[in-house]
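Engineer: The primary structure of each chain is shown beneath.
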Amino acid sequence: MNTSNIHWYDACAVDDIPKRGAVRLAHGSKTIAIFRSSDNKLFAIDDACPHKGGPLSDGIVHGDCVTCPLHNWRINLESGRAEGSDDGCVSTYPVRTSQQRVYVELTEVRDIGFA
Amino acid sequence: MTDKPQLVIVGNGMAPGRMLEYLLEQDSKIYDITIFNAEPRVNYNRLMLSSVLAGEKSYESIVTHDGAWYSDHGIQLYKNARIDNIDTVEKTVTTENGFQRRYDKLIIATGSAPIKIPVPGHDLPGVLVYRDLDDVETMLKASKVAKRAVVIGGGLLGLEAAAGLNEQGMDVTVIHLESHLMNRQLDKPAGYLLAESMQNKGIEVLLDACTESITGDSVVSGVCLKDGRFIPADIVVMAAGIRPAVSVAEKAGLAVNHGILVDDHLQTSNDDIYALGECVEHRGQCYGLVAPLYEMAKVLADNLLGGDSSYHGSTVSTKLKVSGIDVFSAGEFLGENHEEIVVRDAAMGVYRRLILSGEHLVGAVLYGDTSDSAWYLNMLKQKSDISQMRSTLVFGQSYQGGPDVDPTAAVAALADSAEICGCNGVCKSVVVNAIEAGNHNLDSVRSTTKASASCGSCTGLVEQLLTLSLGEQYQRAAVTPVCGCTSLGHADVRRLIQAKSLKSIDAVMQALEWSSSCGCAKCRPALNYYLVCEWPEEYADDYQSRFINERVHANIQNDGSFSVVPRMWGGVTNSKELRAIADVVDKYEIPMVKVTGGQRIDMLGIKKDNLPAIWKDLGEVGFVSGHAYAKGLRTVKTCVGKQWCRFGTQDSTALGVRLEKFLWGSWTPAKVKLAVSGCPRNCAEATCKDIGVICVESGFDLHFAGAAGLDIKGTEILGHVDSENAVEEHVAALLQMYREQGHYLERIYKWANRVGIDEIRQQIMTNHATRLAYLARFQASQKVAQHDPWAERADGNHHTHEFSVRMPIPQEVVA
Ligand code: SRM
Ligand SMILES: Cc1cc2nc3c(=O)[nH]c(=O)nc-3n(C[C@H](O)[C@H](O)[C@H](O)COP(=O)(O)OP(=O)(O)OC[C@H]3O[C@@H](n4cnc5c(N)ncnc54)[C@H](O)[C@@H]3O)c2cc1C
Ligand code: SF4
Ligand code: FES
Numbered sequence: 001m002n003t004s005n006i007h008w009y010d011a012c013a014v015d016d017i018p019k020r021g022a023v024r025l026a027h028g029s030k031t032i033a034i035f036r037s038s039d040n041k042l043f044a045i046d047d048a049c050p051h052k053g054g055p056l057s058d059g060i061v062h063g064d065c066v067t068c069p070l071h072n073w074r075i076n077l078e079s080g081r082a083e084g085s086d087d088g089c090v091s092t093y094p095v096r097t098s099q100q101r102v103y104v105e106l107t108e109v110r111d112i113g114f115a
Numbered sequence: 001m002t003d004k005p006q007l008v009i010v011g012n013g014m015a016p017g018r019m020l021e022y023l024l025e026q027d028s029k030i031y032d033i034t035i036f037n038a039e040p041r042v043n044y045n046r047l048m049l050s051s052v053l054a055g056e057k058s059y060e061s062i063v064t065h066d067g068a069w070y071s072d073h074g075i076q077l078y079k080n081a082r083i084d085n086i087d088t089v090e091k092t093v094t095t096e097n098g099f100q101r102r103y104d105k106l107i108i109a110t111g112s113a114p115i116k117i118p119v120p121g122h123d124l125p126g127v128l129v130y131r132d133l134d135d136v137e138t139m140l141k142a143s144k145v146a147k148r149a150v151v152i153g154g155g156l157l158g159l160e161a162a163a164g165l166n167e168q169g170m171d172v173t174v175i176h177l178e179s180h181l182m183n184r185q186l187d188k189p190a191g192y193l194l195a196e197s198m199q200n201k202g203i204e205v206l207l208d209a210c211t212e213s214i215t216g217d218s219v220v221s222g223v224c225l226k227d228g229r230f231i232p233a234d235i236v237v238m239a240a241g242i243r244p245a246v247s248v249a250e251k252a253g254l255a256v257n258h259g260i261l262v263d264d265h266l267q268t269s270n271d272d273i274y275a276l277g278e279c280v281e282h283r284g285q286c287y288g289l290v291a292p293l294y295e296m297a298k299v300l301a302d303n304l305l306g307g308d309s310s311y312h313g314s315t316v317s318t319k320l321k322v323s324g325i326d327v328f329s330a331g332e333f334l335g336e337n338h339e340e341i342v343v344r345d346a347a348m349g350v351y352r353r354l355i356l357s358g359e360h361l362v363g364a365v366l367y368g369d370t371s372d373s374a375w376y377l378n379m380l381k382q383k384s385d386i387s388q389m390r391s392t393l394v395f396g397q398s399y400q401g402g403p404d405v406d407p408t409a410a411v412a413a414l415a416d417s418a419e420i421c422g423c424n425g426v427c428k429s430v431v432v433n434a435i436e437a438g439n440h441n442l443d444s445v446r447s448t449t450k451a452s453a454s455c456g457s458c459t460g461l462v463e464q465l466l467t468l469s470l471g472e473q474y475q476r477a478a479v480t481p482v483c484g485c486t487s488l489g490h491a492d493v494r495r496l497i498q499a500k501s502l503k504s505i506d507a508v509m510q511a512l513e514w515s516s517s518c519g520c521a522k523c524r525p526a527l528n529y530y531l532v533c534e535w536p537e538e539y540a541d542d543y544q545s546r547f548i549n550e551r552v553h554a555n556i557q558n559d560g561s562f563s564v565v566p567r568m569w570g571g572v573t574n575s576k577e578l579r580a581i582a583d584v585v586d587k588y589e590i591p592m593v594k595v596t597g598g599q600r601i602d603m604l605g606i607k608k609d610n611l612p613a614i615w616k617d618l619g620e621v622g623f624v625s626g627h628a629y630a631k632g633l634r635t636v637k638t639c640v641g642k643q644w645c646r647f648g649t650q651d652s653t654a655l656g657v658r659l660e661k662f663l664w665g666s667w668t669p670a671k672v673k674l675a676v677s678g679c680p681r682n683c684a685e686a687t688c689k690d691i692g693v694i695c696v697e698s699g700f701d702l703h704f705a706g707a708a709g710l711d712i713k714g715t716e717i718l719g720h721v722d723s724e725n726a727v728e729e730h731v732a733a734l735l736q737m738y739r740e741q742g743h744y745l746e747r748i749y750k751w752a753n754r755v756g757i758d759e760i761r762q763q764i765m766t767n768h769a770t771r772l773a774y775l776a777r778f779q780a781s782q783k784v785a786q787h788d789p790w791a792e793r794a795d796g797n798h799h800t801h802e803f804s805v806r807m808p809i810p811q812e813v814v815a
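Sequence lines, in order, name chains C and V. Taking our numbering as reference, the numbering of the first sequence is continuous, increasing by one, and the terminal residue is 115. Taking our numbering as reference, the numbering of the second sequence is continuous, increasing by one, and the terminal residue is 815.
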């Protein structure tokens, strides 16, 4: 049985992420990408393109969007939605910074088993 | 003291000043008012301190409430009286030196205090802050005797301090931690323009600069940066931010987070205590500008009079008060479904960016021309529906309501004497006369008048004049723009980068009036290449503008894994190399090893995180990156040639290896593949390569412009040379010519098609001086280009964010 719990996680230092770049976080079976835009906004989304699962953290960041490295879908980092004529969406997570650290709010999935 | 309720105010800044005006306007009799202020003076307009520092205003002229005002209104003002203690049970306040006063209602308006970053040396004499009149007086005094000032912090405050000190004749350097000035209020393009304007005033601006320490024995002597730079200074002004002054409130047991917590009535956690101004935190927000404080002041005045107003937060806007620099920002720049409209006017140094969400304006950045700022701010605050004026909104208020904008209207309105071509000093009437005299196309106008013949940036204007004079008759040449962010084609962009000496992506986007704030995935890699090619030694390659393959130097695969192809010079290998590959394959359990069509070995299905370790192992036997991912030199295929083959005429293998060693590492518009065959049987398939060499008894036939991918095309003959040295010289010169002229992603055969086979032959084979000049430029560029990107990353200390997945740590509470 799974119980969920929402927690803030300490992900990395702000300076670990280059502007217009990303770092990846392992979270359970998922990889989450945290992006930093040229004007220092931070976004956390699933690191899997809604098209065919391409690693969005490897894309080119422009404005508040990332272009997927595999087939050039453009994903809005704020909403997680594909822009233009493409249709699809990835999960987004709240991010905040404090003392130059980046925190992400993730659902903790605890496997309780047969306790 | 009367029996009226006692209203006590701690702090006498701009917020309570305004609050009192609202209060007294309504009812001046209701309270007995007492104010305690730490500063030894009456209330003044803090915003205007920058004008005092710049020498434009005197202190007297910025006083807002003088002594007479307080006595006329029966207000008791204690100056130089810092409140040290609040007793919420006895309801009293006490000053530092023990003077006590009882209150019925208390307002805390302590403002905020400047942050002094605690670097070594921060408490040396000569390290100043910028908050009140005393600070201004200290700076003015210092500027009389000292020469050099460093300002730490490139925000509003730091820039105003820098401009003021500059006016006072000091040599000023601004040190800013971020990569653009005023990064909290401005986007990068506006920040870039601002840095240019500051520099034009003679103020030096250092970006991405982190202060490590302030040096000096008894007094400041300079500032050391983390990157090792040292900037000498006689005074250092810290303008690195402010912190709400909450200590008295905290000591009194009031709820405090970053600021003093208040509800919508501006009430603190204690019913009889209100807080107002910069010391307040309302709905998670602290404000550092007066407009929101004035809104709070109005709400609080009403509540003190028994009303029930509430404060809901404010939309803030900023303007920098430095003469000659107009910059404005308001609202937000991110969010769902946001759309941006950007216009730039390079000649006027104007940048305007509007951010729209649905039918509403939600943010604006204006640089250079801020005349419409109030209009935009009003629309922002009112949440006006802008759908009717969407297409003209960005041109400002004066464009609204009139007829549709005619693109030639601006040119039509120009005076006859207006200069069209800046480079050649050609004015409008000269161009118009030339058109009327029968020059009905761009080329002939260009050759008769010289307009647009140099840097070309006025080509658009000249074309508009042609349209204006000839109407429908004139057809503008269609250019395919680089992408949706510009109307310029690749050729124009390249020409202008050179002509205008544009040396950064920001500079290109502003000077060439890009219509987006930071480009897109199409134009950024192209601009990055053009800049790398044009300024090999000066331009810092922007990795974040490169496609992932070139960013991590491996080929991304359909499942997000990567493939690794080491260079095998000319397709030649040996047992040591093969053994190293075999070991790596076993050690990292690489699922597939394949011989490529380019005569080398590909290892596929590698996890990104393993790349540096694999490169390290491969590097130990001498392997370098094969650039199998690059818009750059890929492979040089060879055949066995004279050394073994019974038909071989020259040592084609050695020549191929030599060419690959000379050319590798260079970035090119699109990929470049070579081949060298030992005789016309052509086993290396040289006649379908970008550049091919066919060895013959008498020397070497040079081929180029072949293709065997999406298009199949046999090569063209470039010419014949008779030595290996000559092969190298001609091939490198040809490659450089292509590097300088090719459009991004245009293979050699397409470029050759565009500029003409004969033209290329002429420049490379016949025109010796040109060939040698290309060769020299290629060699200069190779000096910086030929370093192995794998070796750089193999130590695990470079580009680390690319190659590791982090484990996030759960937090109990987030600070
Ligand atoms: C590995 C290899 C196939 C193989 O297993 O043999 C290969 C693999 C790819 N080729 Fe190729 N090409 C390979 C030799 C060729 C050849 C043959 C040659 O070089 O002699 C050609 C035809 C010759 C030519 O280029 O004209 C070739 C014409 C293409 C094209 C068409 C290019 C064109 O302008 O028409 C593309 C598409 C592109 O570049 O946009 C392409 C693109 C690709 C990409 C990079 C696709 C991509 O973007 O992911 C493939 C990368 C796979 C990977 O991750 O490793 N590959 N590709 C060969 C690597 C050679 C090497 O050692 O570097
Ligand atoms: C150089 C400069 C330029 C600026 N330019 C602009 C601008 O262009 N636009 C804009 O919107 N804003 C600007 N600001 C910010 C603006 O001045 C402030 O937002 C505003 O003054 C804050 O008002 P306040 O009443 O909250 O606090 P303040 O004006 O800071 O007043 C607080 C007062 O309380 C006193 N005090 C503190 N603690 C105690 C205590 N315990 N007991 C007694 N007294 C105490 C302080 O000495 C101070 O006099 C500028 C600020 C500076 C320094
Ligand atoms: S190119 Fe000619 S000489 Fe060389 S291997 Fe082929 S056949 Fe032999
Ligand atoms: S997987 Fe992202 S565009 Fe195809």
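Hints in this document: simulated from the structure, not taken from any laboratory. Treat the hints with care, since some could be wrong.
[Claimed, not checked] On the chain C side, residues computed to face chain V include the following (Cβ under 7 Å):
| hint | residue |
| --- | --- |
| 1 | Gly21 |
| 2 | Gly28 |
| 3 | Ser38 |
| 4 | Leu42 |
[Said to hold, decoys possible] Each pair of labels, with its calculated beta carbon distance range:
| hint | chain 1 | residue 1 | chain 2 | residue 2 | range |
| --- | --- | --- | --- | --- | --- |
| 5 | V | Pro591 | C | Ile6 | 54 to 62 Å |
| 6 | C | Gln99 | V | Asn753 | 18 to 26 Å |
| 7 | C | Lys52 | V | Gln388 | 37 to 45 Å |
| 8 | V | Ala613 | C | Lys52 | 41 to 49 Å |
| 9 | C | Lys52 | V | Ala415 | 42 to 50 Å |
| 10 | V | Pro591 | C | Gln99 | 40 to 48 Å |
Ideal Cβ positions, reconstructed from N, Cα and C, are used throughout, including at glycine.
Engineer: Tell me the hint numbers this structure goes against, listed in increasing order.
Structural biologist: Result: hints 2, 4, 5, 6, 8 and 9 break, sorted rising.
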